[in-house]
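Protein chains: 2
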Amino acid sequence: MTRTRPVVVVVDAETPGNVGTIARAMKNFGLTDLKLVNPPELDPDGEAYGFAGHAREDVLPNAEEVTFDEVVERYHTVGCTAITGEDSRRHVRFPFKTPAKLAESLQGVDAETALVFGREGRGLDNEELGRLDEVCSIPASDDYPVLNLGQAGTILMYELRDSTVDETQLPDVERERADEADIERFHDFVADFLDASGYKDVKREKTLRLVRRLVGRAHPTDREIHTLLGVFRRATGQLEHRRALLDEYDEPDRW
Amino acid sequence: MTRTRPVVVVVDAETPGNVGTIARAMKNFGLTDLKLVNPPELDPDGEAYGFAGHAREDVLPNAEEVTFDEVVERYHTVGCTAITGEDSRRHVRFPFKTPAKLAESLQGVDAETALVFGREGRGLDNEELGRLDEVCSIPASDDYPVLNLGQAGTILMYELRDSTVDETQLPDVERERADEADIERFHDFVADFLDASGYKDVKREKTLRLVRRLVGRAHPTDREIHTLLGVFRRATGQLEHRRALLDEYDEPDRW
Numbered sequence: 022m023t024r025t026r027p028v029v030v031v032v033d034a035e036t037p038g039n040v041g042t043i044a045r046a047m048k049n050f051g052l053t054d055l056k057l058v059n060p061p062e063l064d065p066d067g068e069a070y071g072f073a074g075h076a077r078e079d080v081l082p083n084a085e086e087v088t089f090d091e092v093v094e095r096y097h098t099v100g101c102t103a104i105t106g107e108d109s110r111r112h113v114r115f116p117f118k119t120p121a122k123l124a125e126s127l128q129g130v131d132a133e134t135a136l137v138f139g140r141e142g143r144g145l146d147n148e149e150l151g152r153l154d155e156v157c158s159i160p161a162s163d164d165y166p167v168l169n170l171g172q173a174g175t176i177l178m179y180e181l182r183d184s185t186v187d188e189t190q191l192p193d194v195e196r197e198r199a200d201e202a203d204i205e206r207f208h209d210f211v212a213d214f215l216d217a218s219g220y221k222d223v224k225r226e227k228t229l230r231l232v233r234r235l236v237g238r239a240h241p242t243d244r245e246i247h248t249l250l251g252v253f254r255r256a257t258g259q260l261e262h263r264r265a266l267l268d269e270y271d272e273p274d275r276w
Numbered sequence: 022m023t024r025t026r027p028v029v030v031v032v033d034a035e036t037p038g039n040v041g042t043i044a045r046a047m048k049n050f051g052l053t054d055l056k057l058v059n060p061p062e063l064d065p066d067g068e069a070y071g072f073a074g075h076a077r078e079d080v081l082p083n084a085e086e087v088t089f090d091e092v093v094e095r096y097h098t099v100g101c102t103a104i105t106g107e108d109s110r111r112h113v114r115f116p117f118k119t120p121a122k123l124a125e126s127l128q129g130v131d132a133e134t135a136l137v138f139g140r141e142g143r144g145l146d147n148e149e150l151g152r153l154d155e156v157c158s159i160p161a162s163d164d165y166p167v168l169n170l171g172q173a174g175t176i177l178m179y180e181l182r183d184s185t186v187d188e189t190q191l192p193d194v195e196r197e198r199a200d201e202a203d204i205e206r207f208h209d210f211v212a213d214f215l216d217a218s219g220y221k222d223v224k225r226e227k228t229l230r231l232v233r234r235l236v237g238r239a240h241p242t243d244r245e246i247h248t249l250l251g252v253f254r255r256a257t258g259q260l261e262h263r264r265a266l267l268d269e270y271d272e273p274d275r276w
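Residue numbers (my numbering), protein chains in the order written: chain A, 22 to 276; chain B, 22 to 276.
Keep in mind that the hints are not guaranteed to be accurate.
Identical copies go unnamed one by one, so any copy, or any two together, can satisfy a pair.
Said to hold, decoys possible - Below, in silico cross-link-like pairs of lysine-lysine (DSBU-like), each with a Cα-Cα straight-line distance of 35 Å or less:
1) K122 to K227
2) K227 to K118
3) K221 to K118
4) K122 to K221
Note that these hints are calculated values from the structure, not bench results. The structure presented is a predicted model; accordingly, all values stated were derived computationally and were not measured.
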């Protein structure tokens with residue numbers, strides 16, 4: 022991935038803690054370049070550094086102070102706001118993209134992009150938004166759609182991760198499915214187990230089908246299936262032994 | 022949407038601010054039911070209420086103190102952790118679901134579900150995760166995958182929004198596209214404009230196609246197209262007037 026990664030711009034942040042939160046999310050999602058318009062003082066012993074996690078080592082100390090004009094001049098700018106226009110009569114805040122749509126549209130484009138966030142209390146004002154190229158808005162509850170600055174930034178960066186994170190911490194597979202042959206062996210073992218327990222013939226097929234559905238939905242791992250194979254083999258052996266004992270003592274009516 | 026919405030459980034939160042952040046994200050994304058295992062003191066004048074935004078009015082004061090055992094007993098539980106197992110040999114943290122996959126899988130199921138988050142420093146421990154039904158992990162940068170508690174909670178609730186938010190603040194359409202007939206009229210106007218400006222015949226078709234591609238990608242709104250129709254109509258009129266003036270003064274070589 023050699024594409025240019027977005028820079029993050031915070032305009033008139035009021036609380037250092039939010040700047041730290043945004044820096045941390047940047048590091049969590051593969052971004053490095055933080056620009057601050059008119060920032061509060063970022064004391065190395067204060068909240069910005071306290072909230073930044075490991076981003077206190079790079080993103081935050083490397084943050085650069087810039088002017089709004091410089092940002093507009095240099096970047097393709099995306100203004101983030103909770104409040105959109107309702108229709109095209111107010112085009113300062115309309116049309117807009119959701120974060121998912123923004124991620125989709127930026128993926129195909131090689132451009133120096135800036136994600137621009139506004140001050141905590143009032144966000145970006147109309148004059149600022151009017152100078153930015155696109156508008157992005159996070160869908161949230163109509164009852165209370167206004168996210169905290171740091172939380173909004175986190176969500177936006179999370180959504181852009183496909184083009185900014187080279188490698189995640191997660192293994193390639195979310196689950197390793199057991200071999201189909203082992204899963205079939207499991208179903209045979211269950212059948213043997215039912216038989217050894219003297220399960221009623223009329224219910225046998227239905228119960229086996231029910232187990233097949235349950236296990237089919239769960240996509241068991243190799244480990245899960247092998248553990249269960251062991252559990253059932255052992256139980257079936259003991260159930261058969263119980264019957265052999267009853268035979269031995271000639272008590273078949275206690276089967 | 023009458024489905025049961027997930028409850029959010031925070032185990033051993035250390036800083037009240039994070040509890041407030043989670044409460045705010047809950048209100049932003051349509052959740053109401055916060056459960057706290059061994060919470061810190063939540064002072065109404067302190068950070069929890071300070072970070073909660075409008076959730077200070079309901080989610081936070083209604084939060085209920087519970088035990089881990091009660092949560093395991095009552096709910097289908099999803100444990101959230103940054104650190105997964107690599108494969109099925111360590112099944113405490115494997116298999117796992119990403120938030121997007123979790124959202125997908127919960128959408129089809131009617132169950133009382135609890136999203137369980139751990140303490141800031143160490144998350145949920147193996148013993149706790151071992152007692153929970155599913156594991157969820159947010160894909161992040163391999164360099165620094167550990168999200169802050171409040172930020173992780175925000176992302177998870179954002180991803181679940183389709184089943185928890187009845188109505189978002191966003192209008193139904195992200196953009197209203199202008200009528201196709203008006204867009205065609207716009208292209209006619211551009212052609213007239215080129216002609217009136219004496220644009221070279223050899224480049225005319227190519228330039229018109231280029232404009233068609235640009236406008237086609239942008240899906241212009243009604244407002245945008247009508248504004249541009251006005252702009253070009255006016256310019257074309259003035260360009261034609263210029264030529265009429267030159268004719269009038271008999272200077273066609275200055276065309």
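How the hints compare with the structure:
1. K122 to K227: between (46 Å within a copy, 30 Å between copies)
2. K227 to K118: between (50 Å within a copy, 31 Å between copies)
3. K221 to K118: This pair counts as neither: shortest intra-copy Cα distance 60 Å, inter-copy 38 Å.
4. K122 to K221: neither (56 Å within a copy, 39 Å between copies)
Hints 3, 4, counting from the list given before, are not met by this structure.
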